[in-house]
Amino acid sequence: MYNPKGNGELKKAKQVQFIEMKPPKFLMGIVHRFSEIKTNVPLDEEYLHHALPDACTYLIFDQLDVKIAGVTNLYTISEELNLGKEFHYVWVRFLPGVWKGQVKYGLVNLPYTGILPLKETNYQLACLDFTAKQAVLIRLIEQLIKEKIVVANPIAEKLASHIDIIHTVEDMADIVGVSSRQLQRILKNSVGFKPHDFLKILHLQQSIGDDGYSLYYTDQSHFIRSFRKATGYSPMRYTKKFDV
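The end of the sequence shown is residue 276 by the numbering used here, with every number in the run present.
Heads up, some of the hints might be wrong.
[Unchecked claim] Using 20 Å as the maximum straight-line C-alpha spacing, the simulated EDC-like pairs for lysine to aspartate or glutamate come out as follows: (1) Lys261 x Asp251; (2) Lys151 x Asp97; (3) Lys117 x Glu68; (4) Lys220 x Asp203; (5) Lys272 x Glu78; (6) Lys117 x Asp97; (7) Lys151 x Glu68; (8) Lys46 x Glu118; (9) Lys232 x Glu202; (10) Lys232 x Glu111; (11) Lys190 x Asp206; (12) Lys261 x Glu111; (13) Lys54 x Glu68; (14) Lys117 x Glu78; (15) Lys226 x Glu189; (16) Lys70 x Asp161; (17) Lys190 x Glu202.
[Stated by the list, open to error] Derived Cβ-Cβ restraints for the label pairs, each shown as a range: (18) His199 x Ala158: 44 to 52 Å; (19) Ala167 x Gln214: 34 to 42 Å; (20) Lys99 x Arg217: 36 to 44 Å; (21) Glu111 x Arg171: 25 to 33 Å; (22) Glu202 x Ile51: 39 to 47 Å; (23) Thr271 x Ile109: 12 to 20 Å.
The set of hints was computed from the structure by calculation and includes no laboratory data.
Beta carbons: idealized from backbone N, C-alpha and C, even for Gly.
Full structure from sequences and hints, please.
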């Protein structure tokens, strides 16, 4: 089963608190994780947050400036973000293909000006502990589901649940029961990626942090080349620098 890793956090920053929680059962086909990352005290050095290639959409809330929130773009290559010496973010990671709203705000560094109630939600999140924050986020997600901005994606879910036996686009099409051409149209419309790119992201995510690369790549050299192309690091250098 697909379990997206999301991001790499610097190993040397001991003063940074990172928390993840699974969603309640009724949201498990929609949400992968609720997460929070924050500094307990200002850091001596600026903190690098490594965003891995991802097929998930995120809602992100800046708790140090509650005017700032947004929806992230999907991406096929990694991005290294400098969060500075003091930060506090909360986010929801949606499963691939469930987000139907616009994704145009990209990286969160400006006040949110869209129609979603993200600023209002961010004000509600401020000063709450992580458990209480989840209750606020769940109410927001329920509203987004009601407005059909977030909708379960059975095709993406089926592909993710069979990722260990999928090796080619043809395998993907067979699992779903459509032609390769139909699959291309379906995934482009619902997930935002061509089948080949979607498969590359799923395989890379699954291979990070364990020895399972042999399930998804022809050999170790193939894995190393693919990993370096997507992240800018060799697997060994990456795991020395980041926790995933």
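Practice prompt. Output the numbers, in ascending order, of every earlier hint that fails for this structure.
Written response: Those not satisfied: there are none.
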